[in-house]
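There are 2 protein chains.
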Amino acid sequence: MGEASERKARLRRLRVEGESTRSAILRAAVSLASVDGLEGLSIGNLAAEVGMSKSGLYAHFGSKEELQLATVEEAARIFDDEVSRPALSAPAGAPQLEALMEAYFEHLERRALGGGCFFSSAAMEMGTRPGPVKEAVAAFGAGLDGLLHGFAASAIEQHQLPPDEDPEQLVFEFNGFILAASASFILSGDPAVLGLARQVVRRRLRRGR
Amino acid sequence: MGEASERKARLRRLRVEGESTRSAILRAAVSLASVDGLEGLSIGNLAAEVGMSKSGLYAHFGSKEELQLATVEEAARIFDDEVSRPALSAPAGAPQLEALMEAYFEHLERRALGGGCFFSSAAMEMGTRPGPVKEAVAAFGAGLDGLLHGFAASAIEQHQLPPDEDPEQLVFEFNGFILAASASFILSGDPAVLGLARQVVRRRLRRGR
DNA sequence: CCTACCGATCGGTAGG
DNA sequence: CCTACCGATCGGTAGG
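Keeping their order, the protein sequence lines are chains X and B.
So for the first sequence, my numbering puts the first residue at 1; every next one is plus one.
So for the second sequence, my numbering puts the first residue at 1; every next one is plus one.
Keep in mind the hints are simulated off the structure, nothing from the lab.
There could be a bad hint or two in this list.
Where chains are identical, the list cannot tell them apart; a pair therefore holds if satisfied intra-copy or between any two copies.
[Claimed, not checked] Listed below are the simulated DSBU-like cross-link pairs for lysine-lysine, each with C-alpha atoms no more than 35 Å apart in a straight line:
| no. | residue 1 | residue 2 |
| --- | --- | --- |
| 1 | LYS134 | LYS64 |
| 2 | LYS134 | LYS54 |
| 3 | LYS54 | LYS64 |
Make the full structure from the sequences, and use the hints.
Structure, rendered in structure tokens:
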């Protein structure tokens with residue numbers, strides 16, 4: 001079997017029924033970036049991964065920056081599917097906060113992207129690199145903060161949390177839980193750290209009860 | 001003035017009385033890595049920054065990995081000087097926790113390294129790259145966790161925090177505060193987020209009082 | 001989507 | 001510490 005047919009076989013493996021080539025490329029891009037970062041994501045590596053030439057990729061994305069932007073979009077879609085959406089199905093307030101965190105911990109534990117948490121890494125990596133990609137990462141963060149803020153405000157409103165709690169402080173704390181779980185899990189590779197993270201979340205939501 | 005004398009002038013600027021060339025190189029390396037990451041730190045850029053040839057750097061560090069390891073060491077020394085040591089001078093227990101966080105927030109606000117928080121970024125960046133550099137970053141994290149654990153245990157012992165508090169959970173939470181402050185500050189560039197972080201820390205340490 | 005190429009930069013080495 | 005070089009890879013383009 002020649003190289004060409006191997007490439008096609010790999011692409012077929014990556015592609016699901018009815019899924020576009022662009023979508024298969026972006027799933028691979030998110031996976032590579034979850035290991036090597038958004039800067040470390042190279043067009044050559046990505047081309048090899050999906051069994052395509054570099055110029056084939058340039059037909060889909062005109063530049064590395066456009067590829068990075070599309071990759072951030074795809075990562076946001078995955079996060080919404082796997083973490084945000086399940087949380088929205090839980091009862092309003094504290095249960096949504098807990099469901100979001102639980103969905104996130106499972107997303108981490110399952111190593112859904114191959115490497116670590118895409119947005120934890122992207123925030124640290126792109127934070128010091130002004131430009132459209134940083135803005136896209138920041139916009140995702142703002143969206144997640146908004147979601148958490150709504151859950152927290154609702155929890156206070158429904159007296160699941162004391163009335164003197166501050167939603168903004170809660171958003172900061174839950175962001176911290178996400179980042180600490182991500183960093184700790186990625187460095188240790190030990191699912192036990194997620195047990196500790198779950199305890200922290202549970203206790204935090206039972207405070208003042 | 002020729003290029004050669006410009007280079008020497010730059011090196012002189014970077015060097016303080018009695019400071020070794022190696023030390024000046026490493027300070028520049030930490031600064032560059034705080035912006036571009038430990039992978040993004042290139043020997044060519046670093047050589048230009050300190051006004052030296054690439055091969056001049058190879059006389060000090062035999063490989064990029066050795067340079068990265070030395071850079072992690074230097075960053076740890078700076079963190080210990082600016083954050084850990086001041087905390088150790090505070091009264092034992094909760095005041096040490098608060099002093100460490102305050103020193104960290106000031107370290108961030110002052111933009112002490114030029115870019116963001118070296119170890120927040122390094123943990124996310126190297127977490128997915130097995131090898132000696134990741135181990136060095138993990139070892140620093142373990143050391144900081146140990147320090148926080150001691151402060152937390154002491155706070156509980158002295159009844160500054162309730163006896164049902166778990167030091168390990170507190171370590172996780174404070175790690176989260178550090179990471180959330182770092183990510184938030186780097187993305188927004190707004191010192192106001194550190195005000196929120198300070199409130200969270202203060203409230204957390206007054207819980208159960 | 002491909003082959004074939006571009007200049008720039010990467011980490012690293014030879015020889016002084 | 002330097003100049004001068006190595007092969008590999010980077011992002012990107014020409015032409016089909």
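Hints versus structure:
Taking the shortest Cα distances, LYS134 and LYS64 sit within 35 Å of each other both inside one copy (14 Å) and across copies (27 Å). In the homo-oligomer, the alpha carbons of LYS134 and LYS54 lie at most 35 Å apart both inside one protomer (24 Å) and across protomers (31 Å), since each shortest distance falls under that limit. Both within a single protomer and between protomers do LYS54 and LYS64 lie at most 35 Å apart by alpha-carbon distance, with minima of 11 Å and 28 Å respectively.
The structure fails none of the hints (numbered hints given earlier).
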